[in-house]
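There are 4 protein chains.
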Amino acid sequence: MPLSRIHTNFKNVMNRLILSVILPAMVALYSFGAKPSDNLSMPDNSIVRTDSINSSILQEWRHFTVYLPAGYHSDTTSCYPVLFLLHGFSDTNQSWFCNAPLAAIADQLTEAGEIRPMIIVSPNAGGKPGHDWNGYFNMPGWNYEDFFFNEFMPWFESVYRVCGNKESRAIAGLSMGGGGAASYAQKHPELFGSAYIMSGWVHNEKNTDFIDNSDKVALVRQAVAENSCISYIADADESTLENLRSVKWYIDVGDDDFLLDADIEFFRQMRSKNIACQLRVRDGSHNWLYWTSALYTALPFISRNFR
Amino acid sequence: MPLSRIHTNFKNVMNRLILSVILPAMVALYSFGAKPSDNLSMPDNSIVRTDSINSSILQEWRHFTVYLPAGYHSDTTSCYPVLFLLHGFSDTNQSWFCNAPLAAIADQLTEAGEIRPMIIVSPNAGGKPGHDWNGYFNMPGWNYEDFFFNEFMPWFESVYRVCGNKESRAIAGLSMGGGGAASYAQKHPELFGSAYIMSGWVHNEKNTDFIDNSDKVALVRQAVAENSCISYIADADESTLENLRSVKWYIDVGDDDFLLDADIEFFRQMRSKNIACQLRVRDGSHNWLYWTSALYTALPFISRNFR
Amino acid sequence: MPLSRIHTNFKNVMNRLILSVILPAMVALYSFGAKPSDNLSMPDNSIVRTDSINSSILQEWRHFTVYLPAGYHSDTTSCYPVLFLLHGFSDTNQSWFCNAPLAAIADQLTEAGEIRPMIIVSPNAGGKPGHDWNGYFNMPGWNYEDFFFNEFMPWFESVYRVCGNKESRAIAGLSMGGGGAASYAQKHPELFGSAYIMSGWVHNEKNTDFIDNSDKVALVRQAVAENSCISYIADADESTLENLRSVKWYIDVGDDDFLLDADIEFFRQMRSKNIACQLRVRDGSHNWLYWTSALYTALPFISRNFR
Amino acid sequence: MPLSRIHTNFKNVMNRLILSVILPAMVALYSFGAKPSDNLSMPDNSIVRTDSINSSILQEWRHFTVYLPAGYHSDTTSCYPVLFLLHGFSDTNQSWFCNAPLAAIADQLTEAGEIRPMIIVSPNAGGKPGHDWNGYFNMPGWNYEDFFFNEFMPWFESVYRVCGNKESRAIAGLSMGGGGAASYAQKHPELFGSAYIMSGWVHNEKNTDFIDNSDKVALVRQAVAENSCISYIADADESTLENLRSVKWYIDVGDDDFLLDADIEFFRQMRSKNIACQLRVRDGSHNWLYWTSALYTALPFISRNFR
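Chains as they are written, first to last, in this note's numbering: chain A, 1 to 307; chain B, 1 to 307; chain C, 1 to 307; chain D, 1 to 307.
Read the hints as simulated data drawn from the structure, not as lab findings.
Take the hints with a grain of salt, since some may be wrong.
Any copy will do: because identical chains look the same in the list, a pair fits if it lies in one copy or spans two.
Listed below are the simulated DSBU-like cross-link pairs for lysine-lysine, each with C-alpha atoms no more than 30 Å apart in a straight line [to be verified]: (1) Lys166 x Lys248; (2) Lys166 x Lys206; (3) Lys187 x Lys128; (4) Lys128 x Lys206; (5) Lys273 x Lys206; (6) Lys128 x Lys248.
Here chain A stands alone, though its shape is the one from the complex:
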């Protein structure tokens, strides 16, 4: 009976700290004077790492947090499918990893064979409302969508061993990130094989009042209205609709969620244009209990749509 076994998350957290902060630092120091390949072997377990990119579009460093599956460092020849997992309003790149046991769930599903090993990355598009920018769309002073597609994604896929095609790329997100995921997949169906939208902020009524460009909260609300996923389909021509049908869609929203009606309308709009889409309404509201349990269906859905 291995009494010494200490069954807490803290051990994992500590492991990850060591692996993502301390070990890389040691490696960096060490490598000034030696060939790393000689006597260092990277661990075979999964790693969560927070890193950053210097964006010329946004004119600042932007953080992202990435999950690298077990085996990523030991087998340095394989490429991996990738999930871009978007956080919600006022959340950051850390939220999916701190408010839900994302890495532990991904590990377990991988070990059980329910998902393929995949890279999961969550870039920062949020923070403190009012003070920080929030949002996945282009806004006056904050061209995040340009950043995502022209800087972040290409750079990330050149640095990490991502397979780099539609068949091995997916997008998902919750709330503001659910809307972002839906909109990104709508505008770039050639890039994403599947999209899983949780409690998605997919639509907002347009505000006709004047918006002060320093009101960051009003700007994101306006951006969601301008990028309405419902209007996008309503206005699409047949060629665009045909492209939308090449993406596997899944909407997952709680029966007590304040975004339920918007998500239902989004589903109806897709159905009316013969865009196949899964819909699930489960018990729950707009919180981390819901999004944590959603990972158990989201990751397998995404994985089985990787080719």
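Once you've looked at the hints, dock chains B, C and D against the given chain A.
Same frame as chain A, but now just chains B, C and D:
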């Protein structure tokens, strides 16, 4: 679209802090000069509170953390059923509340009508291995089982509005606490209507070596061996077995758990004596992912066995 | 290894045939010349029986099929909660028992303690479209709703050992029977503690064309329009709404069901009037796979709302 | 509101009858005088067909029932992965299709994208105990294992468009067929990518009494003993074990199943030799409720292990 809605756990944590620490302090200050009933109304949502009891048996203050369901403070006449929820080795009274979203799950299941409002309390029987005592049984220098039944439970049920009978009392736990829950229900089937054992440390081989009474880890291992739940049934007379049949039993353990074999043997032993018991083996091992998901079946099982 | 164990449904079917047809017949013959209580004991397992009632309202014999839980015949003093389970268009009283393994599911959930022993009865309100009457409402020539409330329910509850109050009575159904269940619970919230609506035909557009009273299909469509569950709430005064809030509501409908939109509107209408209601949208369409799996949530929901 | 929609299994059954019996007969008659490709198109939905093979090993015609996925007949160039799905003692090739809604479940999971389109075939190895042969192993007078591997499988895969390699072939079964599936995959790990064992009869104590070769029930019991899946692993050399590790294993058995202990021992034996295996113990016993619900995990498991 309530953009102001901030969907993080932090808000709940903050609410709970306010409710469990700040508000009671304010109430205490305030009540020196006024009649509280006049103009103060307690909140109607659930509360998590950490409190302590001065034990004469253990000769020290012992902490416990308790979940009080929504409505507990607004309706001061009702009594509630109670679940004693035991933590594992090296964990403490906080673990069920910090490592799993226990309060949020209990809230959601209550709101959905899947469970009855209930009090859930987790007393501290652990801490840092070697330094702190760990264990639910009587050991030289640490008579925890006496404390639990002679001090803690009677005092708790006199202070909190617990119905106070077998039909409205349950016990559950994980690992060391799973073994504790099983053993407590075996020795006191007149007290508990149901017992839910997760990844239960229900048995240990006896150690014939001399044990130094200052070796707290060896002592708890020995105590588990001496209180083996498997031997208890094997040695029971028919009258004892008949009493064991008055408890509803449920064992829930992962297929990769190092305690799987012990829990299977416990189940077999019960089955061989016609003690009805549910058994579930789900995907997983000895970790908080497993115990978190177990709450979704444990709480409904416990609730429907309340009368 | 009990090789003789034959694991097919046929054995159960045969058992039920013996119990519901052959045994009663033998008992009837036997009892001409003997005191049955002397030497006959009824079985302790569950029984499915098809029986009939001579309706003066409908001017004909009407069939119903009833599930009596294990223990019903051995303990002749207890009363039981009852579920009225309504079939769909073109189905009959047999459909819930032949197209889904209703009795086996009820047996298993009872044995596992997930539901309380309950009586489940499905009266015939259907048959071959065009030839037979279909529908739960009053129509010219077919006052089924009067029959249900004034004849069938009172008679059934006087003949079978039903507790006979709101707290121990529930209603559920699929499709046309889902609409029937919703409407019956709306009009008689004093009779039903809970209502579970599967793929409910809860609304139909009104037809302004002349309807020939011999067109039985047009009549049922018109009756559903006139008894729209959505309009009922929209038109209700506050006192009626308050009564509706005394029922526990649950809507369960597939994402590919042609009645999805109607059920969503019904849910929205209830939500807008603060009538608490669970909503689930699962994978599936308008078929027996869906309704079979729905039983695993419907029966526990109904059971935990019995008092 | 498509009232004309008749939601019963009977329509599907009728469709399948038409498709599997009547339509092929018409096609056969028709094709005497015409080129079928000119004006006949095969349906795009799934088909269940019962067919037979003239076995020279068994010296008789043997039936099998096969599920062909939607699209099989319209796209005549693709090959499909195949699942060999074995029935239980006293069951036949029809049992998986008549006692469980296998085709409907496979259709739904395929449409929802949870499984890949696959061929599922169940050959007859059973019937009336005593009168008919039962069993998947070679017995005096009934060399079924030879038939399966030397006649049935090669012939089936030459007639149906099966991909025909380990990566696209799986085996599964219930009870006697669960034991058969386990044993077949043990002896031929080069043929099967995965094996899903439900309530598996994987072991039997050896009988030392004389067995009359006309006692077909005693013979199958003896054959299971001689082909014990537990002994097979215990006796295996390292090279054999390494081959067993190339198969994905899954054991699924009810907590009230009389074969629970045997299946647990089988799992333990595999674990002790580091053969990865999933184990699930769910609520239930040895019946079709269990095997029906098992299909919802078995088919996805099998599908995701197809390459």
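- Going back to the hint list, which numbers does this structure go against? When the structure is compared with the hints, numbers 2 and 6 turn out to be violated.
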